[in-house]
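Each chain, letter by letter, is given below.
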Amino acid sequence: MTDSIRHFFANRKLRDYATGYAFVLPAMAMYVFFVVYPFFYTIYLSLTKWDGAKPVKEFVGLLNYQELAADPRLWSALSHNLIWIVLGTLAPVAIGLFLGVLLWRGVRGMVFFRTVYFLPVVLAPVAVGIIWKWMYNPRFGPINVTLKALGLDFLAKGWMGDPYVALPALIFAGVWGYFGFCFVIIMAGLQNIDMEQIDAALVDGANGPQRLWYIIIPGLRHVLTMIIAFTLILGVNVFDIVWITTRGGPGRATHVIGTFTYVQAFRESYVGYGSALAIVMGTVSLVVSFIFISIRERGSD
Amino acid sequence: MNYKTVLRLFAILLVFAFLGSAAAQDPVQVLFWDQVYGNATQEAGMAQIIANFEEANPDIEIVLEVMAFDVMRDIAKTSFEAGEGPDIIYYDAGPAYAGILANAGLLLPLDAAYEANNWDERLIPISREWTTFGGHVYGVGHELEAQGLYWNKRIFAEEELELPATFADLVALCGIFRERGYEAPMAGGFGDPFAFPYVHNWYNILANYVPAETVAAAISGEHPWTDPEIVASLDIIKDQVQGSDCYHEDAYALGFLDGNNMLYTGESPMMLMSTWAMGFFTDEVKDEFGFMIMPPIEGRPQGMIQLMGSAWFIAADTEHPEETIRFLDYLVSADTIQLWLDAGTLPAQANVDYSPYEMRPVYRDFTNLVATWDGQVAYHLDVLTPANFNEAMWETFADLIGDRTTTQEVAERMDAEMQKAVEEGRHVDITG
Chain A
1 MTDSIRHFFA NRKLRDYATG YAFVLPAMAM YVFFVVYPFF YTIYLSLTKW DGAKPVKEFV
61 GLLNYQELAA DPRLWSALSH NLIWIVLGTL APVAIGLFLG VLLWRGVRGM VFFRTVYFLP
121 VVLAPVAVGI IWKWMYNPRF GPINVTLKAL GLDFLAKGWM GDPYVALPAL IFAGVWGYFG
181 FCFVIIMAGL QNIDMEQIDA ALVDGANGPQ RLWYIIIPGL RHVLTMIIAF TLILGVNVFD
241 IVWITTRGGP GRATHVIGTF TYVQAFRESY VGYGSALAIV MGTVSLVVSF IFISIRERGS
301 D
Chain B
302 MNYKTVLRLF AILLVFAFLG SAAAQDPVQV LFWDQVYGNA TQEAGMAQII ANFEEANPDI
362 EIVLEVMAFD VMRDIAKTSF EAGEGPDIIY YDAGPAYAGI LANAGLLLPL DAAYEANNWD
422 ERLIPISREW TTFGGHVYGV GHELEAQGLY WNKRIFAEEE LELPATFADL VALCGIFRER
482 GYEAPMAGGF GDPFAFPYVH NWYNILANYV PAETVAAAIS GEHPWTDPEI VASLDIIKDQ
542 VQGSDCYHED AYALGFLDGN NMLYTGESPM MLMSTWAMGF FTDEVKDEFG FMIMPPIEGR
602 PQGMIQLMGS AWFIAADTEH PEETIRFLDY LVSADTIQLW LDAGTLPAQA NVDYSPYEMR
662 PVYRDFTNLV ATWDGQVAYH LDVLTPANFN EAMWETFADL IGDRTTTQEV AERMDAEMQK
722 AVEEGRHVDI TG
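The listed protein sequences derive, respectively, from chains A and B. Per our numbering, the first sequence starts with residue 1, numbered consecutively. Per our numbering, the second sequence starts with residue 302, numbered consecutively.
So here's chain B without its partners, still in its complex pose (with noise of 0.2 angstroms):
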């Protein structure tokens, strides 16, 4: 062997050490999506748990995407199915999205993950629920929230009046703020596709007007939208958007957030709104308010509508699974409680002490009611409805709103896309 060759052999040595070496050092990048924030608060504290994440994880980089939640409801199909995806996806959990991916294949299952992290344990059960599809969970949830009534301290202090114990009073308090001069008593825009604020209110009232449990086989396609307890608390809801004093005339043009600042501004004293509007609660809105579970409808059980925001869930084509797990576990740690409570969410972890939290005081109010509460559990229907379901249900409230229809035809249409969809296999059973 001649020194050319030597030289030559050297260098052929060389050339695969740097390269063993640069991929050896080069992290493994997860490359996750998430949905757009509302405000710098939340986009501060996710860059803050990634940061915590990589100081404590250096062998993984996590590359963030964000996007409004409609934009990635259009491209995460197409994106999964060609192999494009993210490792990791905050995505909308229930059959209508999360559900597609799972059953079509395109979502790694958790069981395994579950157990030997011990989810069921750190969670709440509606993590695993919502997100098992065919037998086999594939999601993690976050975001727990709950759906009540926003009150302002303030004004309520200020015009000397209690806060509602029935619903009938909740309607009557509207009538008299409107008397004092509040010309929208109850915050509220339902002009948004959707109505989505006029049906999440009428999800209210069904949580306290028809048992959790009938509420459930419906959802399963096991018992007929037709019910007429079901469509009496349609009439309820029908009555206090349009029957009574509680909304602005304009109520069903105006948005969905120029809706919400009447609450925020002090235009409206009241807000039906589910706790994921605690996001908007920036420095600027001064008032402080309370939070409530809607006061009962008489001489029925009074239900707590829990959910989650969306769900965690990783790709079945992953080339990273140990590695994104690894950072899902992160996402639902002691760790991130804070960064999250300062964000305005609660995570969806089960048996925590909130009390050495910082957080505003409305936080407080609904961190002591899911701490305190032994009512019945109730249903947001949405996530948990096929997609068909929920487009027929938003098209008819609109039209509700619009006195184009009657609360049966709204009823019988919801049923008959229910069945549509048991026949097509799309829908969930909650009742096992």
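Just chain A, with the same shape it has in the complex (with noise of 0.2 angstroms):
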């Protein structure tokens, strides 16, 4: 044994593993306790019939999955998931590069601009939804109280009580909260655009979208691939601004499904059924990313 230990010692290969995991040790015991055994845990859970607070879960193999592909409220929340993840990614990527596109050579109140640009993010989404709640309050939120005073009294609605409109101006309000960051990755990327490319495309008549489409947005592909990725998974993921504004309603019109999740595990107290829901939502998103990033990769091939 005393061998062995000297033996580890001397060897110096031996010594550079062990300091490397002795620094990646604690970090991965977070990332096993606070990650990987809830997700087996919750994988367990899925398995099973229990409301939170008896001591005995019933264990029920795969009926929870099996009464969720069957439940239309599943179908509905997804569906809403899909509508935020088209909208709220095309929106604030859309809105970041043109903006970043805008101020990129630079222009007079450059560091006013990116300030106030990612005010927005600074907030947590909590925040961002109390502030457009009150925006959208029907009687005296700025919004209404603007479009009447311009004469549009036909355009100001109860905009989170109406279930038609509740979804996107739920996702317009997480665009406002979001875009900044977009605008900021983009502006970084931007500085590594080859400045000579741009010249020679001026000299060569190019105009602004056809340098934008050619060289800017090819040059950015690496950052937008990132963006859309992480932002594909926060539409999947989205649930603090929806519940702190319609808690999923009116009715079922702006449920998600991490607010679906929520109202069943913790509302309703059906944890495994809510625990099936998480693990559907984890697969989506991992699914959605996956998509994403092959179309991706077998585009720059």
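Hints were generated in silico from the structure; no laboratory data involved. Please note that the accuracy of each hint is not assured.
[Said to hold, decoys possible] Dumping the calculated EDC-like pairs for lysine to aspartate or glutamate here, alpha-carbon to alpha-carbon at most 16 angstroms:
| no. | chain 1 | residue 1 | chain 2 | residue 2 |
| --- | --- | --- | --- | --- |
| 1 | A | LYS133 | A | ASP240 |
| 2 | A | LYS57 | B | GLU725 |
| 3 | B | LYS539 | B | GLU523 |
| 4 | A | LYS54 | B | GLU725 |
| 5 | B | LYS721 | A | ASP71 |
[Claimed, not checked] Coverage of chain A stretches by chain B, computed from C-beta distances (three or more under 8 angstroms per stretch; other residues unrestricted):
| no. | region |
| --- | --- |
| 6 | 27-37 |
| 7 | 46-53 |
Here the structure is a predicted model, which is why all the values come from computation and not from measurement. By construction, the Cβ of each residue, glycine as well, lies at the ideal position given by its N, Cα and C atoms.
Take each chain as given, in its own frame, and dock them per the hints.
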């Protein structure tokens, strides 16, 4: 034993490995405790019927998943997530790209603009939800007050109470809270664009949209891939802003899979069913990200 | 034995004496989770109650932690299950909330405490009825409430209008007020999650349209929610909200507090609401209000919904059951009545003569009503019905407001969820 230990400390390679693992171990322990263990425990719970309080969990196998497949509420929530993914990804990326290109070459007040655009990102999603709940207030919210002042009463609505308008209104609030992040990342990416290519394109007579499409966007492909993948996952996992404003209502009009999971697990005390929903949510996140990155990688080949 | 040994022994004795006396002097700490207060008066009232109790019981210290009721609902299960819950909690009664904790063995049965403290005599019957699960009583109720109609005395006097004698009169009154320029004759905001004021208004209609024993049977899973009479009551509330001139055109998008404010500020002369809204009548609210039970629907017996706000429950694993029960008993003692009234709540104590107590005139209307009511006593559903039933009810009512479903579909959905709850044993039987 003593010889083995002596051999270990004498071997520099082994020492380096040990040092590396020693540094990684605390973070790994946290990851296992807060991510890996809850993940597998959630899978276990998804195979049970449990109200969150009883000492005994009833094992039911895949029954929760079978019920989920036939539950119209799940498909309704997923459809809302899909809308959120599409609109909630396209809009902030497009806005961030537009503003980034606009301010890229330097304008007066650049620091001011960067700060103002990034401010909503600093706010917690809960704060964003509260702010927009007030903005959308039908009686004294600034949106309706302004519309009525401009003689556009017909556009003033009960935004959060109208089942046909509530989801787009929420997505708009979400985009407001997020586009600044896309803008800042894109601005950083734009610093790596080869200016000689831009100048050459200018000489060749390329206009703005052509330079954007053929030079800038390809030059930003890695940045855009990262932002879009990140935003896609956010669109699947969205919860805070919906919960603080509408709780998934009116009716089920704004329920996303996150809020539906929460209601099932914590409000209706169907913890097993809620766990199955959480697993579905995680799977959808993985699938969406994988599909996007695969398409992206194939396109760059 | 030499002097060093003696000194060591003496030092050890001193240490134990100090520890013992310190332990003897430290009061027992009872952790109390309460729901967040609506205003400073309520907060001060609870602080005074605790101070008075501690003065009379110097061996007990109440450690108060206050949180929003929905936060409490989220963390109560996991906290109690992990043994990290409070000794005493002010929590929602009924199968959807306390029932889950009780059925999991996380709450202390209070059968013996009820007998020892004579609570059945001192408290209203629903204190026991609503907190009984599996044959044992677990809680002590608080905040006796009713549902009815608030009316602004100043506006009615200025407009020279009489109070409605029937439900039809009430609806007609809405039209009269609207003609006289009141944008929202009835205060109300149904845009908050759960659309709950709208749902609560339906409970009022149900109480005045369907016999209480039929509703009790439906709550107990023994009668279908698709009963044509129940569906007809849904038609009435739908017509009253959407088909009449009673509410603001944006009522479906207004928050609950925004809706209530229309009454407090004098914009709306009337409001259908529980008496717990009296807690919002602070000094800033200048007008005086009256309170009456919703006028009867023609040909039907009038019903008064009686309910409790919540109830106090004790953790099964509390280390201080005797002290906690002592505190609980104090909370429902005569010493606390004036403080509760000052805070705008009516304690769930039985046979109280409120005439010597100070209170706003609108509270007096309510206490007189409770004391003299000999009509049908009806039910406030969501405290007595299971969680899945409640979620379905709130969801479908929001769809009803938005014309995305019919009253028949609402009834069918509620019935399906009640049957599911009965199969899973999540309901309560209140017919027995």
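Status of the hints after comparison with the structure:
Taking the CA atoms of LYS133 (chain A) and ASP240 (chain A), the gap is near 13 angstroms; set against the 16 angstroms cutoff, the hint holds. Proximity of LYS57 (chain A) to GLU725 (chain B) is assessed by CA-CA distance (about 14 angstroms); at most 16 angstroms being required, the pair is judged to hold. About 26 angstroms separates the Cα atoms of LYS539 (chain B) and GLU523 (chain B), which puts this hinted pair outside 16 angstroms; it is violated. Only pairs whose Cα atoms come within 16 angstroms are accepted, and LYS54 (chain A) paired with GLU725 (chain B) is accepted, the gap being roughly 13 angstroms.
With a C-alpha separation of about 14 angstroms, the suggested pair LYS721 (chain B) and ASP71 (chain A) falls inside the 16 angstroms cut-off, and the hint holds. Residue count for the region 27-37 of chain A with a Cβ under 8 angstroms from a Cβ of chain B: 0. That is fewer than the three needed, and the coverage hint is violated. For the region 46-53 of chain A, the stated coverage by chain B is satisfied: 3 residues place a CB nearer than 8 angstroms to a CB of that chain, which reaches the threshold of 3.
Hint check: violations occur at hints 3 and 6; the rest are consistent with the structure.
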